[in-house]
Amino acid sequence: MIAVWELIILEPILNVLIALSQILFGQFGLAIIALTVIVRLISWPLNKRQLKATKAMQDMQPKMQELQKKYGKNQQKLQQETMKLYKEAGVNPLGCLWPMLIQLPIWIALYQSIMRALAATPENLLNLHRHLYSWEIVHQAIPLSSRFLWLDLSRPDPYFILAIIVGGTMWVQQKMTTAPSVDPKQQSTARMMTVMMPFMFGILTLMFPSGLALFWAVSNVIGIVSQHVFAGGWGYLKLSSPFQPRS
Amino acid sequence: MTRYPSSSVGMRQTKILLLATIVLLAVFLSGCPFGAAQVTGGWSGTAFRDGTIYAGTLQGAVVAINATTRSPQWPDPHRVTIPAEGLQCGPAAVAAPLYATPTVVGDVVYIGTYAGEVLALNTVARSQGLPFPQRGAGEWVEFLDGQAGNNAVVADLAVRDDLLYVSASDGRVYCLSRAFGDFVARSEVLDQRHRKLWTSPVIHNEAVYVSTFEGHIRALSADTLELLDWSFEADAGFASSPVIHDDILYVGSFDNRLYAVRIGDSDPLWTFRGGQWFWASPVVYEGVVYASCLDGRVYAIGAETGVELGRFNSGSPIVSSPVLMDDLLIVANEQGVVDVFDLSGGPESLEVPFRSITIGDKVRSSFSAHDGFVYIRGEDNHLYVVDIDEGRVVWDVPLDIEE
Numbered sequence: 019m020i021a022v023w024e025l026i027i028l029e030p031i032l033n034v035l036i037a038l039s040q041i042l043f044g045q046f047g048l049a050i051i052a053l054t055v056i057v058r059l060i061s062w063p064l065n066k067r068q069l070k071a072t073k074a075m076q077d078m079q080p081k082m083q084e085l086q087k088k089y090g091k092n093q094q095k096l097q098q099e100t101m102k103l104y105k106e107a108g109v110n111p112l113g114c115l116w117p118m119l120i121q122l123p124i125w126i127a128l129y130q131s132i133m134r135a136l137a138a139t140p141e142n143l144l145n146l147h148r149h150l151y152s153w154e155i156v157h158q159a160i161p162l163s164s165r166f167l168w169l170d171l172s173r174p175d176p177y178f179i180l181a182i183i184v185g186g187t188m189w190v191q192q193k194m195t196t197a198p199s200v201d202p203k204q205q206s207t208a209r210m211m212t213v214m215m216p217f218m219f220g221i222l223t224l225m226f227p228s229g230l231a232l233f234w235a236v237s238n239v240i241g242i243v244s245q246h247v248f249a250g251g252w253g254y255l256k257l258s259s260p261f262q263p264r265s
Numbered sequence: 005m006t007r008y009p010s011s012s013v014g015m016r017q018t019k020i021l022l023l024a025t026i027v028l029l030a031v032f033l034s035g036c037p038f039g040a041a042q043v044t045g046g047w048s049g050t051a052f053r054d055g056t057i058y059a060g061t062l063q064g065a066v067v068a069i070n071a072t073t074r075s076p077q078w079p080d081p082h083r084v085t086i087p088a089e090g091l092q093c094g095p096a097a098v099a100a101p102l103y104a105t106p107t108v109v110g111d112v113v114y115i116g117t118y119a120g121e122v123l124a125l126n127t128v129a130r131s132q133g134l135p136f137p138q139r140g141a142g143e144w145v146e147f148l149d150g151q152a153g154n155n156a157v158v159a160d161l162a163v164r165d166d167l168l169y170v171s172a173s174d175g176r177v178y179c180l181s182r183a184f185g186d187f188v189a190r191s192e193v194l195d196q197r198h199r200k201l202w203t204s205p206v207i208h209n210e211a212v213y214v215s216t217f218e219g220h221i222r223a224l225s226a227d228t229l230e231l232l233d234w235s236f237e238a239d240a241g242f243a244s245s246p247v248i249h250d251d252i253l254y255v256g257s258f259d260n261r262l263y264a265v266r267i268g269d270s271d272p273l274w275t276f277r278g279g280q281w282f283w284a285s286p287v288v289y290e291g292v293v294y295a296s297c298l299d300g301r302v303y304a305i306g307a308e309t310g311v312e313l314g315r316f317n318s319g320s321p322i323v324s325s326p327v328l329m330d331d332l333l334i335v336a337n338e339q340g341v342v343d344v345f346d347l348s349g350g351p352e353s354l355e356v357p358f359r360s361i362t363i364g365d366k367v368r369s370s371f372s373a374h375d376g377f378v379y380i381r382g383e384d385n386h387l388y389v390v391d392i393d394e395g396r397v398v399w400d401v402p403l404d405i406e407e
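So the protein sequences, as listed, match chains F and A.
Per our numbering, the very first residue in the first sequence carries number 19; after that it's consecutive.
Per our numbering, the very first residue in the second sequence carries number 5; after that it's consecutive.
Misleading hints may appear alongside valid ones.
Covered by chain A, according to a simulated footprint, are these stretches of chain F (three or more residues, beta-carbon under 8 Å) [what the hints assert, rightly or not]:
#1 133-147
#2 157-165
Some residues of chain F that are not near chain A, with every Cβ distance over 12 Å (derived) [to be verified]:
#3 Met82
#4 Leu150
#5 Glu154
Calculated directly from the structure, the hints in this document are not laboratory data.
Each residue gets a CB set at the ideal place from its N, CA and C atoms; glycine is no exception.
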């Protein structure tokens, strides 16, 4: 199973990552950014579905608020009407979560590739030869330099900058995509996720190699930009902004 | 047709998704089975001197084994530790990996550790089990960066008179006095891109030569460690430490080539292409370079011409350097097969091994040979002693230290 995973998913990503590093002036940080963009482009059909669902949910907000006003005191009726509204609009409120889950294996492979390519320890460097294609460009790039901007990509960022960027961008992205729910329990779970996930990833950034954190940060930024461009604006971030005038 | 969750189903699905995300994240971040930064304990090899075998162990200690009695000579070996990294549920410090092989000069054993320290261990003081270090007996410990874990030493040390030369993970070569471990000189950063030196320095004619991951061979003054005028640049990074013979450096690279470079020249004398990296340093014997490769082959190459004179496929990557004992060439592959070639018949004798012995464990460490015996530390932390005449492992001993 592991051999199949390595052959079909891990090794192609690893070799492309190393080749990209050689093309991009020997900068592994640029290779991570480029590969994150490429993976995002490949997974665009899934992302598009996710964005569509988010956009549809956004468009439903005025109607949802109306329902809230109308059936606010009758929770059961409110939920029924909300589900009816979803059905009429052809939207599954959880539709935006499944594409995220399907993409996780790709992110796992990307993470593993980054860790292997960086070869931070002698064992990692020695073992790397087993996974490399015979491409000349790949062998010329080895070993990769882990220096990028102020970072040593094989170690955590000592200045907390990346942790703030990862946590901040993840929070923005979550806020943009998490639809407010009429169900207080769901609302509470969603609120917890919106705060906990960025916090958790911010903490993880302080513990894990910054190459991985760079990938998280770039991925988040791409997510925010595509959300803004293709789903029309700041989504629920705008709706829940503290600067939004109260009606 | 889209299915719409009722409130309770929706809640359950959210929980399942949340749980799945957490489980996947746990697998994703655990790293262990998926190739995260991994340090296993190093591949420190063996050194033989005056009837004693010295070896670095997986527990961060140097041990001494009496080759006659087969028993440990040091009752309480000094163990090196390193601060644990990342998410740790265990102890704050773990055994420091040892990649370098002990260097024995007189009564003192020197070794560099992954914790960034260089140790001098007196064989007499260690045999008596005295607290370490016994400064009066020439023992010392010196951190290259003043703090544990910051400046790992991966390569073997080089010795010249009363001085030690150490390559370090900050990209510099350090020169220390053998007597007290004082810093005598320090080079500039020799690999600006990677800022690490994992290959051993080599001393030749008052100069120190170092190969770098950047693809340079740098020459330094052995007295001051200042850069000399000559350097060489290759198309790819160097994987192995250089070997010098008749003013020619032989060194393996990451683009699957073995380079022969005459000191002072800017172009290589020749390059030889193998099927993988030349990770281990080659040996030179009677005008022939014997180079082991991660493609599993040993190549015999004309030292002046670069022409292939013979090859042998061992069937598994070869990580450790070949060793010469009189006319015998000894090669150990990663699967633990020790092949012995009788070179008295010339490089053609590389085609068929004179002996082929399986030790029963993986081998990545450098090994030593003396008087018909080969001393190998396996990846299972055992010392294996191979009798070449008998063609078998005659004894082995675990190197684990009791807690």
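A quick look at each hint next to the structure:
| no. | hint | result |
| --- | --- | --- |
| 1 | 133-147 | holds (count 12) |
| 2 | 157-165 | holds (count 7) |
| 3 | Met82 | 14 Å, holds |
| 4 | Leu150 | 9 Å, violated |
| 5 | Glu154 | 7 Å, violated |
Hint violations for this structure: numbers 4, 5, all remaining hints satisfied.
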